[in-house]
Amino acid sequence: MPAVPFDYEAPRTLQEAVELLGAWGEEAKPLAGGQSLVPLLTLRLVRPRVVVDLAGLDELKGVVREDGMVRIGALVRHRSLERGEGPLRLCPVLQEAASLVGNVRVRTLGTLGGSLAHADPAAELPAAVRALDGEIVVRGREGERTVPASAFFTGVLATALRPGELVTAVRVPVLGERTGWAVEEFSRRAGDFAIVASVALVQLDPLGRIAGARVALAGVGPTPQRVESVEAALRGERAAVETVREVVAACPLEIDPESDIHASAAYRRHLARVLTVRALGRALLRAGRSHREEDP
Amino acid sequence: MRDVQVRLTLNGEERRIRAPAHRTLLQVLRDDLGMTDVKEGCGEGVCGTCTVLLDGEPVSSCLVLIGRIDGRDVVTLRGLAEGGRVHPLQVAFATHGAAQCGFCTPGMILTAYAFLRDHPRPTREEIRRAIAGNLCRCTGYTKIVDAIAAAGRDGGGIRDAG
Amino acid sequence: MPGEARSAPSGDGMRGRGGRSGRRSPVTVPARPLRVVGRPITRHDAWDKVQARTLYGADWHMPGMLHGAVLRSPYPAARIRHIDTSAARLLPGVAAVLTARDVPRNTLWTDVPGQTTAVGPLRARLHVLADEVVRYQGEPVALVAAETPELAQEALELIRVEYEPTPGVFDPEEALRPGAPPVHPEGNLLARWRIRCGDVEEGLREADVVVEQTYRCQVVDHAYLEPEAGVAWVDADGVLTIRVSTQVIEHYRDVAEVLGLPHNKVRVIGAYVGGGFGGKEDVTVEAFLGLLAWRTRRPVRMVWSRQESLLARPKRHPFVMRYRTGARRDGTLVAQQVELLADSGAYAYLSALVLMYAAVTAAGPYRVPHVEVTARVAYTNNPPTSAMRGFGAMQVVWGYESQIDQVARRLGLDPVEVRARNALHKGDALPVGQRLETHVAVSEALERAWAALGPRRAPSGPHRRVGRGVACNLQPYGRIVWLHDWASAWVGYEMDGTVVVRTGVPDVGGGQASSLCQIAAEVLGVDPERVSVHIADSALTPLAGTTTATRQLYMSGNAVLEAARQLRQQVLPVAAALLEASPAQVDLEGGDAVAPDGRRVALARVMQECARLGVPRSALGVYRAPAGDPVEFERGGGRVFPDYTFGAHAAEVEVDTETGAVSVLRYVACHDVGRAINPQSVEGQIQGGAVMGLGYALLEEVVLDRGTNLTTSLASYLIPTAEDVPDVEPVILESGDGQGPFGARGIGEPPIGPPAAAVANAIEDAVGVRITELPMTPERVARALGLLG
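Protein chains in written order, with the numbering used here: chain Z, 1 to 296; chain V, 297 to 458; chain U, 459 to 1247.
Source of the hints: derived by calculation from the structure; they are not laboratory data. Among the hints, erroneous ones may be present.
Example chain U residues on the side facing chain V (calculated, C-beta under 8 angstroms, incomplete) [said to hold, decoys possible]: (1) Pro491; (2) Leu492; (3) Arg493; (4) Lys507; (5) Gly732; (6) Gly967; (7) Ser990; (8) Thr1179; (9) Asp1185.
Rough simulated footprint, nothing fancy, chain U against chain V, three-plus residues with beta-carbon under 8 angstroms [what the hints assert, rightly or not]: (10) 346 to 353; (11) 374 to 386; (12) 396 to 402; (13) 420 to 427.
Everything numeric in this text was worked out from a predicted model, so none of it was measured. All C-beta atoms, glycine included, are put in the ideal place defined by N, C-alpha and C.
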């Protein structure tokens, strides 16, 4: 259907964009990749007075290595993440997560910042950024601030963005030595939103035992959930799939999913365990490989 | 501003358009420019019938606001055929029975075109993944994969077009 | 005469063809081999479609065209207290706002054949626009036409409707209990059918094993890629013309009734359809377009959004099916007792017929001496259900093919053998009393499908199990014989020897038009490229009936064959005279008339001579299907359908035993199509139908919550993508023993029947659990495996 008519602004600088969004407040919507916003517009579900198109903001498109982190501009496309172009090759977790997002067209236009700002509980990239303990750089009229991933997602389709604020970049750590990762997603069809997804990272110590683990789940709550009980229980354990299986089976996953037309709460809880074991298993394999590569 | 003015290259030709900003590329192509070779199947970017190549990459034209198009290059199915000749992919689709009702066909061919350009000689699995975002309700996909595989095998000028 | 000699009707004449490139070995001793029919030529419309030259319903523009839109009820059950259209009418750029009172005759009637007033209304009412009551969410309440689509939407939002929600009923079982809110004043039972043969209680007592099970299958949507669309205008002669995406151009009569116009002042032109599957069989936009165009005297376009289509268009009937199947120790079936309950939703549409198809085929393609089928369909306040590919005969496959598999398992017998043992043969009678007069290919299809699976795959990893299953089916082709179906076609030579075919057939993508082209080319001795086909214009093409019920190749194929034969008979003597030969020895080939000694004269020359002699260069063919009277199902019944298509599918699946996910690794679909007029088209129908069936089996569901539709987006209504299904290997059998042209049988609907049961049988083979509810989602399988505690 045709959208309800709106004014269109195409700022050339970040400062301009921030001014516009600050001035219009709730009546303005920022447009990044458009894969989430435009359908809402053409279904006439969202009726802003102004759409502020961010496409011209080159400041938001760069990828730069900053010490032990990679700073990724909010407008970097899923397709670029998937292809691991340039410094993005240092972000294999985002690479794997991005490859699971939607279909080829969504990945051509969809952006990292857009995905995070949209904060769909079943989306892969928010869970990946959460698992990485990433930081979201945000800018408003009052200036720039950095929000840790643990505080950024506040509810279903809700974030810590204040009115008039934009996501400008995401910072994620470069993975350390002997670190493996995996993203395991379960969806009804390839390319659909996850019913449940599990993002796992494992780092081995020089002796090959698990030095640390991170697990973040999508689809089991209003926001991506870290599973600290599993993370804690794995520390110091043998790097074996059987161990992982036992640990996950014994852990009370501190999640409280809801039932909906796609899956019941019980099934989501079940999938959370299965996918976490699978993700940790693959992460261990990768960690083992990188372990072997580094210690000849 | 309520209206936008954009200059774009459409199937190799420069066009200037003035349109209300709330219109999508799909709506402008179909309603203002009469380009019936792009379809509307769902309005949500899911079905793939509105696929066009934007700067060479497949996008859902129903999800692109017209203001975004300034200075860009858009190719629809009609832009694939050069000088009125039919592109090898189009031949492959026709001769392999890959078009039944034909509604998914323009989007499917454009998607296949971009894919084969970047991945010559793909496996059937790779083809299926590449077209997973283009829904078809008539063929069951087997003959579409046959056609794309055949076009991939035979190469046939896909690398140089558009 | 080409193609007249046919293969022997029974088993020894049977040859098969497999795979994508199958070479066909002629099995017959024909007068001469077929040249065009039977070749997998590229369809003429395929060239248009790959270049996007085809103009679908929404691709038509006319000067001064208005945009139409529909206001729909948000409530599944409510009284309409008041409609205020004043603000909408005042909006500049709005040309018309219509409600029920603006519709000259606001009621369309559906005939409910074979029912008595004791069961339900003989004629079921459908309103064009809701009058005092709305009965389902999405029911049309008002129409607007405006200068732009934006204004049309704005106008819709300005219409104020005061609804008073009323209690609704959303389950057919509940609807049939005393005290349930009546959806229609006459009560909620719409139709009932009973079929009896033998004594089923006796049969069940005699049986060594009785399998009793209840099956449920869900509401699904056609989800064609092209949403409903059309344009209407009043032409220079005052004829209301509607160009629309439709399976039925005869709806011009319905529109005429609604508007109170003479039938000959309404014309429907059928555009090439972007998928129908039964969803464009009932009136969609036609009446609305007619009303708006007639009121404004301007062209009006209406295109429905996908969300609108998913919300409110009639869908497939869900069924609750209770089966009791009795068999002897050796696997012979002795009894089938079946109870069917379907949901008609808020309006009857074609529900009574869908129910009847289900009842007639409910026992499966098997010899069963004792059968009892009791079928009912009830009104609810759910979205209406109507025609969808398979039309009732498809849903019951889920029941009878799950049942026979379990019979086999219980008895420790091979599932393929048990089916073959019980399969019907030519000459047997169905429980409804109809004798099968053509070859029944069930056994061959089972063998071929099963064999084509090849070596069993190993599981792809830990926690994976592989299993195999088969299912066979019967699906009627051609409409019920009591409807006295007929189709007509006009075929003519131009002066230059090219050929024109005119027939009212709507083409929904299955190659309906191009098959006719091949038939005409075969008989008239020209290349298919020299045949031009004009279809689907109620004013200009002889009517051929609906593109539904797998009838079009059968009916209009025979009509074209009839016309072409007549025409051939007209011109042969003229050609023979030119060649100084006898007509019986002259052939038509490659655009020429050919004498036995090889001398040729161009058809153009023959046409000149025809013109000189006053011999007509065209013929009108009318094919009448075998007709009959309605039969009494409860008293021995008789013939219901002209014929049936038989087939069998085999599936190999892998089940993830940790998640319940089912992956189809390999799929083979085998059908006896009598004769494949265009083998490539036949393969395409088989593959497309099988994949639609796999969607039904594993993915698709219209989720309704007390009449509220929760799946009104293609993101939530899940149809298979290319990654969700494997290659479908089609295996074509050609018995030559069908009622269509050259012995063809229909193939549009049959392939959608077996997949659900084939997959369920494969799942049981893999992991030992029987799923009895569709779709077989991973969660359902996980539950059955006990994974969720």
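Right, here's what the structure says about each hint:
no. : hint       : in the structure
1   : Pro491     : 23 angstroms, violated
2   : Leu492     : 19 angstroms, violated
3   : Arg493     : 19 angstroms, violated
4   : Lys507     : 3 angstroms, holds
5   : Gly732     : 3 angstroms, holds
6   : Gly967     : 3 angstroms, holds
7   : Ser990     : 18 angstroms, violated
8   : Thr1179    : 5 angstroms, holds
9   : Asp1185    : 5 angstroms, holds
10  : 346 to 353 : violated (count 0)
11  : 374 to 386 : holds (count 4)
12  : 396 to 402 : holds (count 7)
13  : 420 to 427 : holds (count 5)
The structure shown violates the earlier hints numbered 1, 2, 3, 7 and 10.
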